[in-house]
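Asks: Protein chains in written order, with numbering that gives the first Met the number 0: chain A, 0 to 325; chain B, 0 to 325.
None of these hints come from the bench; they were simulated from the model. Among the clues, some could well be false.
[Said to hold, decoys possible] Only part of the chain A face toward chain B is listed, based on derived beta-carbon distances under 7 Å:
| hint | residue |
| --- | --- |
| 1 | Asn29 |
| 2 | Ala30 |
| 3 | His84 |
| 4 | Gln122 |
| 5 | Ala137 |
| 6 | Val153 |
| 7 | Leu157 |
Built from N, CA and C at the ideal position, the CB exists for glycine as well.
Number of protein chains: 2
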Amino acid sequence: MGPFEQLQAQLAEDMAAVNELIRTRMASKNAPRIPEVTAHLVEAGGKRLRPLLTLAAANLCGYRGDHHVLLAATVEFIHTATLLHDDVVDESAQRRGRPTANLLWDNKSSVLVGDYLFSRSFQLMVETGNMQALGILANASAVIAEGEVLQLSVAQDLATSEDTYLQVVRGKTAALFAAACEVGAVIADAPGIHQKALYNYGDALGIAFQIVDDLLDFGGSAAVMGKNIGDDFRERKLTLPIILAVAKADGLERDFWKRTIEKGQQYEGDLEHALKLMKAHGTLEATRKKALSWAAMAQDALEPLPDSGLKSSLKDLADFVVSRLV
Amino acid sequence: MGPFEQLQAQLAEDMAAVNELIRTRMASKNAPRIPEVTAHLVEAGGKRLRPLLTLAAANLCGYRGDHHVLLAATVEFIHTATLLHDDVVDESAQRRGRPTANLLWDNKSSVLVGDYLFSRSFQLMVETGNMQALGILANASAVIAEGEVLQLSVAQDLATSEDTYLQVVRGKTAALFAAACEVGAVIADAPGIHQKALYNYGDALGIAFQIVDDLLDFGGSAAVMGKNIGDDFRERKLTLPIILAVAKADGLERDFWKRTIEKGQQYEGDLEHALKLMKAHGTLEATRKKALSWAAMAQDALEPLPDSGLKSSLKDLADFVVSRLV
Chain A
0 MGPFEQLQAQ LAEDMAAVNE LIRTRMASKN APRIPEVTAH LVEAGGKRLR PLLTLAAANL
60 CGYRGDHHVL LAATVEFIHT ATLLHDDVVD ESAQRRGRPT ANLLWDNKSS VLVGDYLFSR
120 SFQLMVETGN MQALGILANA SAVIAEGEVL QLSVAQDLAT SEDTYLQVVR GKTAALFAAA
180 CEVGAVIADA PGIHQKALYN YGDALGIAFQ IVDDLLDFGG SAAVMGKNIG DDFRERKLTL
240 PIILAVAKAD GLERDFWKRT IEKGQQYEGD LEHALKLMKA HGTLEATRKK ALSWAAMAQD
300 ALEPLPDSGL KSSLKDLADF VVSRLV
Chain B
0 MGPFEQLQAQ LAEDMAAVNE LIRTRMASKN APRIPEVTAH LVEAGGKRLR PLLTLAAANL
60 CGYRGDHHVL LAATVEFIHT ATLLHDDVVD ESAQRRGRPT ANLLWDNKSS VLVGDYLFSR
120 SFQLMVETGN MQALGILANA SAVIAEGEVL QLSVAQDLAT SEDTYLQVVR GKTAALFAAA
180 CEVGAVIADA PGIHQKALYN YGDALGIAFQ IVDDLLDFGG SAAVMGKNIG DDFRERKLTL
240 PIILAVAKAD GLERDFWKRT IEKGQQYEGD LEHALKLMKA HGTLEATRKK ALSWAAMAQD
300 ALEPLPDSGL KSSLKDLADF VVSRLV
């Protein structure tokens with residue numbers, strides 16, 4: 000049993016409650032299109048990693064109520080809403096190996112059903128009566144949107160630095176990982192140092208997760224990923240392996256990146272050439288090391304928390320997130 | 000001085016605080032695209048009718064703090080977020096007489112900046128510490144999204160009933176009017192009967208407002224409206240004047256509506272013919288009467304509240320909303 004399955008087993012009862020809550024709250028009796036779209040998303044599955052983090056954090060901090068279930072569902076709703084909007088923004092055709100909602104219905108439905116889920120997420124939070132948790136997740140939502148807008152405005156800009164990349168990754172991915180962990184500690188009324196520890200764990204885990212995702216785009220298999228190798232390259236996204244390669248490029252290589260990423264003129268064999276350049280400069284390996292380093296930071300962040308089976312599982316999860324790279 | 004200007008004068012100090020708050024909170028130092036888009040929206044102006052309702056309701060209920068300013072800004076942020084998303088959904092090119100954000104930048108920016116403003120609105124609410132107000136505005140947001148999705152799925156369906164139209168209008172417009180009024184009473188800790196009265200006022204006012212908007216689409220001037228006559232017809236939107244005309248249509252007329260609305264085959268002279276049919280069946284006049292009746296209901300709803308200058312202004316506002324029809 001892998002670390003992810005172990006965590007699922009440890010939290011099976013709570014997770015069943017979360018899934019039931021997601022199922023009932025995604026429906027809408029007033030607008031039939033909503034359950035059609037959300038059912039498509041629910042059936043597509045997804046790992047439910049973020050709500051699992053909330054449940055793990057709450058339990059790790061000794062929580063005994065049932066409001067962590069509401070917060071875990073909230074986190075998944077926010078995530079699903081951002082996926083719906085991302086697919087519109089990226090004009091994606093596939094998500095988790097299935098056609099996206101914007102392709103099956105239309106962009107309009109994806110925008111509005113995303114808005115609906117986002118509103119529902121705040122309704123769930125209100126039910127907890129916990130203003131601190133509300134503040135954390137409202138902040139995270141704002142940071143996510145900022146990260147996505149930042150990604151949009153630096154897209155195809157070869158001058159994008161590693162710092163800017165990190166800021167985008169923190170926004171679009173790590174903010175929700177960090178908030179998911181933190182609210183689990185907050186609902187358990189854990190001491191500030193434990194809240195902060197879990198926030199830091201989620202932040203580092205999220206960064207590791209996204210770096211791995213960006214790296215796998217140049218080396219994973221479509222079957223595992225639900226997307227094809229080189230999608231980011233074709234969409235002219237400046238992820239870390241390319242940013243590092245651009246930094247080391249000579250004049251000719253720079254021309255290549257300018258043409259393919261900035262101007263978007265891509266021809267047969269360009270992806271292969273991009274991979275060759277990244278390998279020549281060792282940027283795939285350098286990116287892999289960064290991911291491993293963030294995973295190690297995630298593990299270190301848990302230090303202040305008392306040892307327990309769940310703490311071990313969270314540590315193992317950090318290894319697991321980068322294990323696809325080994 | 001008209002009733003709207005009178006209300007603005009009565010609440011000038013509070014409204015200045017709201018405008019300042021909107022200005023500062025719309026910015027984002029992390030993603031420069033955000034202030035570009037939001038500045039465009041702020042410059043475009045808009046009447047700020049909804050935040051004015053919140054301020055009026057709070058003051059009418061004797062509120063003495065400053066959290067009503069936060070809630071008023073919240074309401075305007077939610078409204079602005081829905082406008083950004085609406086323009087994407089409707090593929091609009093003009094709003095308030097200026098090019099829309101989706102035209103000036105792109106749909107992606109409109110979706111994401113809308114998400115950002117929506118998140119910011121929840122941050123503002125959290126600052127009030129008032130969980131009841133949060134619940135009301137979270138519910139309103141969900142109802143707005145449901146209304147928009149419902150409108151999408153009944154679009155171009157000639158079988159759309161007046162009831163369904165009302166449900167759409169309640170969702171897309173009246174829900175935020177009602178919530179804007181209700182939270183003003185809630186933050187003032189007004190008795191339940193006053194909260195309910197202000198909710199009912201906002202609900203009826205919002206319905207009157209939207210019916211008038213739909214009616215003016217067949218008779219306002221582009222200069223006043225910031226949109227052109229017949230836009231809804233060209234976009235095949237089933238608003239009340241058409242719904243009532245379809246209900247009274249004979250076989251030939253039904254074929255006309257089927258062709259122009261259901262199939263979307265519109266030619267030169269069709270708008271004029273549609274207007275002729277609506278006039279022949281008196282549906283513009285019948286729609287006008289419905290708007291007047293909702294305005295009267297809005298005024299009646301204020302009955303339980305003690306008489307005051309603000310109460311008179313709110314009553315006059317209901318007249319003003321439908322006055323463009325006289």
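Asks: Against this structure, judge whether each hint is valid.
Replies: Hints versus structure:
1. At about 5 Å, the closest approach between the beta carbon of asparagine 29 of chain A and any beta carbon in chain B falls short of 7 Å, and the interface hint on this residue holds.
2. A hinted interface residue such as alanine 30 of chain A counts as satisfied when its beta carbon comes closer than 7 Å to some beta carbon of chain B; here the least separation is about 4 Å, so the hint holds.
3. For histidine 84 of chain A, the shortest C-beta to C-beta distance to chain B is roughly 5 Å, which falls under 7 Å, so the interface hint holds.
4. A distance limit of 7 Å between C-beta atoms decides the matter here; for glutamine 122 of chain A the minimum to chain B is near 5 Å, and the interface restraint holds.
5. The criterion of a C-beta within 7 Å of any C-beta in chain B is met by alanine 137 of chain A, whose closest approach is roughly 4 Å, and the hint holds.
6. Checking valine 153 of chain A against chain B by beta carbon gives a least distance of about 9 Å; that is not within 7 Å, so the hint is violated.
7. A least Cβ separation of about 18 Å between leucine 157 of chain A and chain B goes past the 7 Å threshold, and the interface hint is therefore violated.
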